[in-house]
Structures are given as C-alpha cells and as structure tokens.
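S.K.: Chains as they are written, first to last, in the working numbering: chain H, 1 to 185; chain G, 186 to 586; chain U, 587 to 927; chain X, 928 to 1100.
Worth double-checking, as some hints may not be accurate.
[Said to hold, decoys possible] Taking lysine-lysine and the DSSO-like style, the derived pairs with C-alpha atoms no more than 30 angstroms apart in a straight line are:
id, chain 1, residue 1, chain 2, residue 2
1, G, 396, G, 376
2, G, 372, G, 332
3, H, 89, U, 730
4, U, 730, H, 82
5, H, 89, U, 658
6, G, 396, G, 563
7, G, 396, X, 1024
8, G, 396, U, 730
9, H, 89, X, 1011
10, G, 332, G, 288
11, H, 168, H, 155
12, H, 89, U, 661
13, U, 595, G, 228
14, U, 687, G, 223
15, X, 1011, H, 82
[To be verified] Some chain X residues flagged as far from chain H (calculated, every beta-carbon gap over 12 angstroms):
id, residue
16, 1011
17, 1012
18, 1023
19, 1082
None of these hints come from the bench; they were simulated from the model. Beta carbons are placed, not taken as given, at the ideal position from N, Cα and C, and that holds for glycine.
What follows is the residue order along each chain.
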Amino acid sequence: MGKIEDLETINGEGYQLTNLDKAIALARANSVWPLPFATSCCGIEFMATMGSAYDLSRFGMERMSFTPRQADLLIVAGTISKKLGPVLKRVYEQMAEPKWVLSVGACACSGGIFDTYSVLQGIDRIIPVDVYVPGCPPRPEQIIEGVMNIHELVKKESNRRRYSEEYKHLLGTYQIEIDQHGEAK
Amino acid sequence: MSQEIKDILQAADPANVATINFGPTHPSTHGIFQNILKVDGEKIISSEQTVGYIHRAFEKLAERRPYNQITPITDRLNYCSSPINNIGWEMTVEKLIGVDIPKRVQYMRVIIMELARIADHLICNSVIGVDAGALTSFFYPFSEREKIYELYEEMSGARLTTNMGRIGGFERDFTPVFHQKLQSFLKTFPKAFEEFDSMLARNRIFMDRTKGAGPISAERALSYSFSGPNLRAAGIDYDVRVMSPYSSYEDFDFIIPVGVNGDTYDRFMVRQEEIRQSLRIIEQAYKNLPEGDYKADLPDFYLPAKSDVYNNMEALIYHFKIVMGETELPVGEVYHAVEGGNGELGYYLISDGGRTPYRLQFRRPCFIYYQAYPEMIKGLPISDAVLTLSSINVIAGELDA
Amino acid sequence: MDTALLIEKSILVLLLFLVSLGAAAYMTYFERKLAAWIQDRVGPDRAGPFGILQPIADGVKMFLKEDFIPAKADKWLFIIGPGIAMFTALITSAVIPWGPKLHLFGRDITLQVADINIGILYVFGVISIGVYGIMIGGWASNNKYSLYGAIRASSQMISYELAMGVSAITIVLLSGSLSLNDIVTQQSGVWNIVYQPVAFLIFFICALAELNRAPFDLPECESELVGGYHTEYSSMKLGLYLFAEYTSMFVSSAIMSILFFGGYNFPGMSHFSGNTLAMLGIAAFAIKIFLFIFVIMWIRWTIPRFRFDQLMHLGWKSLLPLSLINLLVTGLVIAFKNGWF
Amino acid sequence: MEKQNNQEYLTAVQAAFGADVLAHEEAFGMLNIEMTPSRIHDAIQWLQQHQDLSVNYLTNIAGVHYPESVGREFAVVYQLHSWKNNLRLRIKGYLPKENLHIATITDLFAGANWMERETYDFFGIIFDGHPDLRRILNMDDMDYFPMRKEYVLEDATREDKDDRFFGRNNNEL
C-alpha cells in the first residue's frame, strides 16, 4: 500500500488490475491444453498419464490440441534429434501466446544417455523451457508433478509478461523474433 | 491392386494432385516420422517417407559400452515391450559365451516376455481404435497395462524401460508380491480383455473401416522381409518362437494365428489372438515353473550380491572385473533373434574379445517393414493410411535406432 | 405490436441467448464428465467444486489467448467463418416452443420467440447456412487440412440434409402443418415416434451428421486432419466454433424432441393447468433435451468413426432411399385413411 | 542335423561358384561364406531360386568397418534365412576403402532397399543399381559416415566437454 505512483504510471498495475490478473491466471491454470510432442519412450509414459489410472483430465487437460495454434502447453516427451530440432522450433513458434513448455524426460532435458552425434543435447538449446521433468522415462506421477509446477507458474505469471522487454529478450536469445502484434515471425 | 484403384491412379490429373505433409508431428503418427503424400482428392497417389527423426545412434553407442551396459539401450528400441529386447540381448551374449541357462530362468523369461508382448499388442490395438475414432478403446486396455507395469516394477523397479534381467538370469527372483499380482492378473485380465475385444472386433463400423485398409500380399510381405504379426496377418505362419525356439518355447502349447488379406483388420485380429495365446503361454509356464535358482552360475558375468562383495575376496574380484569390463570374452560372430513385439528382433554381434562389442547391429523389424508403407497405402483414402500406419505398429525408437 | 409484447419478446430472446450459451458451456463440462465416467476416470475436478468452473476457466483462457491470423489466410473470411457458425447455431432456437403458455402480469406469454407458420422450413434453412461457417473458415485458413475438413463438412451436410428433410416431411404429412407449435400441440396425446420410428432413426442419424458428431465427425477428425476446419484457429474464434457445435447440439436435441417426442408434452399433463403446467412442460422439455444430448455423447465415446466414402454411401444409398420409402408409405396410409382411394 | 545342412549348403555354393568362395567357417552353428563382392548378387539370386536350398528371406544387411585390415577395410554382411530348411546363412564380401562399390540386391528382395540405404548412411558403401541411394537416418547434409571407427560417438563439434577430463583422446582412435 501507499505507492500511489504505481497506480498512475503506465507500466505499473493498479489494484483492480492485479486482482484481475490473478483471476485470469487462475482461469488459465485450470485450462491448460497440452500439445503432446511425444517422440519416443516418454511418449508412452505420457499416454499412461493420460490414462485412467493417473488421469490428467482432473486438471482440465484431457483436451489435447494437436494443432499448435490451440495449445497452451508444449509437452516435449522424448528424444529430440538434430534432425527434429527445426521441427520442434517451428511448432513452438506456431503456438499462440501465452505458451509454456514442459520438458519431459532426460533426453528432452539434456540428451540423456544419448550423448551421440545425432541427438540434440537438451531442447533448451532451441526453445525456452519452463519446467524440466527428469527421469528416463519419468513416472506418470513425476509428469503430473511437472504439470502442477506449470500450473503454479501460470498462476504467478503476470498478464503483461508476454509483452515485456525481458520476454522479447528471452525469445531473442533463441533467435525467435516477435513483431509488434506479439506473433512469432 | 484392384482395377478400380488402377483406373483412379491413371485418371489422376496432375493439376488436381495436392501434396500433404503427413507428419512429422501429425497426431496419428504416434512417434515422429514424416510422409509426404500426393493425393487426388482423398485418394493417395504416391508417398515419400522420411525417417530418422529420433535417430539416437544405438549401434555406435553400443560400440562404446560394456556388454551389461547395453541392456539399457535395448530398452529403448521397442519401448512398448522392452523386456523382450533386454532378454533377447542377454541371450545373445549367453550364446556368445556358451552357457546353459537353468530351466527356471528360461520359464521366468518366457513369463516376462509374454507379459511384454501383451503390453505391446495392447498399445497397438488400442491405438488402432483411437485412430478409428473410438477414444474409449484406448482407456480400457491402458488400465490393464498398468497391471503389467506393476509386475515389471516388482521385478525391476521400473515401469517402461525396465533394464530387466542380467546376463545369466534375473536380478531377483519372483517376489511374493509378484506371485500374488500375477495370479490376480491372470484372473482379471481375460475378462477385461474380452470387454475391449467386444468393443471393436465385431463392431460394424470398425470392421468396415479396417477391412481392406492397407493390405499386403504374402509374396510382397515376404519380399519386404516382414516379420511378426504383420507378416502373419498376410498369411505366413513364420514365428521365431516356433521356427528356432529359444528359452524353452518348445515346451509350450500355443498356436500361431494367421490372417488372410494382410489388411488392418487382420493385423488387429492377429494381435488380439496373440494376446490370448500369450496368456496361455504364461499360464502354462507359471503352472510348470520349475524350482531352482533364478540365475545361472556365471561368476564372470553375473554381479555378485553386494553383501558378498563386502565380505568375500573372490566376490570382490569378480565385481571389480565385471564393472571394469576386464572379463575375457570369446571372439566370434553371433546372430540371435527373438520374436519381439513387432517381429524378428535380431542381434548381430561381432566380438573381438574386447570389453565392448566390435560391432553390434540390431535387426529392427519396424525399420525393415515400414518401407513397404507407400506400397500398402497406394490408391487408398487418407483415412485408411492413418489406420494402416497405426496397425503396422511403427515404433519410432525401433525404427530410427 | 404493443410495447409490452416487445419487452416480453426481448426478455425472451435475451433469456434464450443466455440459456443457449450457458447450456453449450456446461455441455462441454458434462461431456468431459461423461467421457470420464465411461472411461473409468475422474474428469475435471480441480476448477471449483467438482470442477464446475471448468467451462468458465476455458472461456476466460480462450478469450485472452493470442488472436492469431495466419499470414496467408484470407483475413476477413477467416474472421467471419466462426461468426457465421455461431450466429446460425443461435438463431435456430427462435422458432422453438419451449413450453405451454405462461400467465404472468396479466398476460399470456408464449414461450416462443416467433411462432412463424413455416417453422420447419426456417430450421432447415438456417441449418443449411450453418455449413458456410465451417466452409468459409476451412477455406480461408489456407491450410490443406482445414480445406479437407471444409470439403468434407460441406459434402456431408448436403448429403444428409436430404434424408433429414424427407424424414421431416413425414412429420409434416402427419400433422398437416409446418409450424413447430402446431406439431407440438398435436402430440398432446400420442407422440410422433409411435407413428414414425423409421423417420426418427433417419432423422437422428442425420442430425449426428449435421452436427459433425461421432461417428460422423470427419470434418474435424483429430487422427486424420489434426483439427480439420479449425486447425488454424486459436483463441475465441476456436471457442466460437466449439460453442457453435454445442449450441447446435442443444438446438437439434430440442428439435428432435419437438418433432418426435412431443416437445413439452408429458404423460398425464391433463391433470395440470396454468403456470404449473407451463413449468412442468418446460421441465419435461428440458429432460428430453438432456436425454438426447446424453445419447449423442454416449455414442461419441463408444463408436469409431466412418470413412468418408462409407459416410457418403450411408447417406445416399441407405438413408435417402429408406426415407423416401418411408415417406411414400406414410403418404399412402394417410391417403387411405382420408379415403382418397 | 543342422551341421549337415550347413555342409550341404557350403558344398552346393562351392560347386556353383568355385573360386569365388574365398573362405568359409561355421560360427555358433551358422555358416559364414566369404565371397568375391562382385559375385554376391549372383550368389544370392542363385540361392533364392534354387529349389532345394530355397533361401527365401533376407534377414538383414550389415556393414562392418575394419580399419586395420588393409585392402579389406569394409565388410558387407548379408544374413539370409531358408525357411524350408530352417537354416540361417551369412554371406560376406570385403571391400577396399578405395572402391566401396557392390551390386544392389533390391531387385531380389524389396526389403533390401532401406537396409542398403542404412548401410550407405552409416559406412558410405555404395550399392550400384540401387533405385534411391540417399541417407536415411541422418540428416542429408551430414558430411561423414558416422559408424566408421575413426569418427567419435559424440558430436565432434561440441565444445562443452573437454575430452581430457573424460580420459579420452580423440587423436588416438
């Protein structure tokens, strides 16, 4: 309290806006539609996570969007080779903001046991990652924990983050450019 | 190819031909591989495949790893049925070093491998259901698969990539919980499975969809070196378990189901029947499970128990030698094949006596039969191509090695 | 037209609008819960108690998602597409009689926005515009998968509208009126389903196809066309398409209840009168609608989908001849009864 | 029984191809025949069409790199299977690194197509007459053949790992 200046500045957020922000973030967190980019073993565990025993639908996540435009969360499950890297980056660029990335499994996080000439050593070399889930493959419980961490991130995220300079800079480090409409080129 | 399809292909006007990118991240590829389809309306005129999107250099990696550390790599070949891959690899090494495996171990292996086969076929068939639009058919079998995972967990602690078994046997004996869970599995699974079967097998829409989708003749399948359920669906009863029995498969009474047309419906039905036969094998093996040790007497390759390593000089030496890869190995070339989830899974091992294989090649059935896909879908609608792709069960890990 | 009528109708329109939207939103929730129940799962339960805030969360999220128009898309058509879909889905409900007359503030209130005497024709007219929403959206996306979805949708709708229309004509023959209100009133004794079971089956199957619901969900079938006509749509434009689908489901369930299951009629309704009757009538109608929605969803989560040529085959070679025969037989029977021979 | 079969096969192949059978051995119950590379296509065709031998199934094709044996650095191994006699057979051809050409067998087995492409991709062995000899698993713009022994497992261009700290020296291999 007491910082009246913030209410009047353009960049600051007023009291109502902050609460609106929170409400929006809460809504977003409860409706994270995943895009499963499942390439290999972890994909099968992701399928198990979708299955009846673990049931991602409790979080409102059973509506999988295979088209990147409609997805909020890119779940990269499995090895990403150098040949596949550009494809993954393209899928990420095609996703509409706000978007999050969950890296499932050792291969997606760091290349895993495949320290070889053909495997990309971690997807964070080409796209920004929000939550890493280790394991080879991680158990469904672990994947769910990763998803819940994403939810926490979504709940905390300010509505303005995606327009901020920091965010543009972050994407810039991955050579992803944003035009003034906030679209990846 | 029927006359009708030939006419369509000939009538295709180049101006009407569209190119569709089917993959690499198409929802129905279940894994990552690309098909570029040339289509006239909904009919596929030709297709071009690109694979290698998750090439992980297994064979190069295997040349850098001691024999017991190759098991985890084999896990990731066909990850739907990793215990078959593990045990197949271990049997290859056992063949190289020439060792007799106790009957109990062989029977235990059969039980585990057939469980893995059930898990593999369940995934494939439920995914056929999903691609045909029946999403619920995916959830029923997956609940049952969880029970197989629990059995794996009892044996190895892992669910999917099990790293199960050791050169010479298993890491542990069947635990009491395993016995209990296996018994309850054998009791409850058939009912749940028949429920799944009744959802699709005689469903009119499903039959209409799958019959005639992606057929292949026995001659072409043979020329393409098909193996496993896909070959059997084309009508050839080639099964490694029968042709060159390993791990005491000759002791068990089971039939090899075969199809007639080699189409999606036949592949589905062959897999369904194989699940029933696998259950029969498990029941036989479990009923006749011999007494004895769960590992062969193989101190040169089988890690001694930890308590022995701390208290026993000899065990410590063996432990050291195994871990450091100092064990002497015969020189030679071995080929050993097992009937994997998708067909003849072979290991061609060249040993120069060193701690790592000189060359290890995996005969990966997926890789070999996936090249027939363009021929199978030619002249068919896109919908059939989707079903064909899921029914030949291309596992990206096995495809790309 | 007096002012009171204008106010009455405005309130009714507003109410209808809200009910349709609310019903559509909560149908998504119901569908997810039902799917979960069929598939031995839990379903959404984190957003609010029992997850009842799930549709609101989805809605808010979609409203605030980045609105994306592909670079090579036809911008205006891309925007108009979902609008048309939503618009047509909403205006169909204008001719539906929602219940018996209500007596409030000294006025008899008809629970129907417009009792036009060509109700059935209006419904079919509007429904056939509905396909333009999908067609335009799919074409404007400039994406092959969308285009395939659009082509499939348009040919599917054209084919199934024929059989649907013919089976509706049998009802018109029976009741002798095109007004939905008359059709409902005439069913106060025996429901049309008793006279016309075949027509109902055909109508129901065609309604599934018109709604793009499984087993006829080819325009958007996930495993083949990724997202079908809405592959390129994000944010609320996608939301409008999904909303339109559920609203149409709601409306066509209502129409099926009206044509074949007596609308707001219910057994033993002669014991009631006045506003009680009106309330019970609305409740009966709602229950019927709910049951239809339930069956439609049940089918979706059980049955695989058709292939495109099989779908056409079913529409043209089975349903259309069958509905024509049914029409002929009905016509002959009515002619005999009226002693024209 | 199997042994005798192996012997029969060897005798038959030797009778038909005489001097082209360079060496043979029996390893772990499986017959290995080394042949002149240029004659392997004919030999497989002959085996496939033979009434009694009836080698009808191509199990796999493998390449092997022996950098130390001069003049025969590369081997192409064909593993074949006769279902009629339930007998597996291995035919090898050794190629010098200057001339990595061998005839394709895609005309005999349709399945050989990708197996040969894979062998080309990994070792750079050129199968003459192959309809579409391109890389298959690796990227098209890769400029080396990764399974050859001289190339390291890891990406050679990576900088985040100092080989000295892993007890390795790239120059040695």
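S.K.: Hint by hint, note whether the structure agrees.
M.R.: Going through the hints against the structure:
no.: 1; hint: G:396 <-> G:376; verdict: holds, 26 angstroms
no.: 2; hint: G:372 <-> G:332; verdict: holds, 12 angstroms
no.: 3; hint: H:89 <-> U:730; verdict: holds, 21 angstroms
no.: 4; hint: U:730 <-> H:82; verdict: holds, 27 angstroms
no.: 5; hint: H:89 <-> U:658; verdict: holds, 20 angstroms
no.: 6; hint: G:396 <-> G:563; verdict: holds, 15 angstroms
no.: 7; hint: G:396 <-> X:1024; verdict: violated, 50 angstroms
no.: 8; hint: G:396 <-> U:730; verdict: holds, 27 angstroms
no.: 9; hint: H:89 <-> X:1011; verdict: violated, 51 angstroms
no.: 10; hint: G:332 <-> G:288; verdict: holds, 26 angstroms
no.: 11; hint: H:168 <-> H:155; verdict: holds, 21 angstroms
no.: 12; hint: H:89 <-> U:661; verdict: holds, 25 angstroms
no.: 13; hint: U:595 <-> G:228; verdict: violated, 52 angstroms
no.: 14; hint: U:687 <-> G:223; verdict: violated, 60 angstroms
no.: 15; hint: X:1011 <-> H:82; verdict: violated, 44 angstroms
no.: 16; hint: 1011; verdict: holds, 38 angstroms
no.: 17; hint: 1012; verdict: holds, 38 angstroms
no.: 18; hint: 1023; verdict: holds, 26 angstroms
no.: 19; hint: 1082; verdict: violated, 5 angstroms
Taken one by one, the earlier hints fail for this structure at numbers 7, 9, 13, 14, 15, 19, listed in ascending order.
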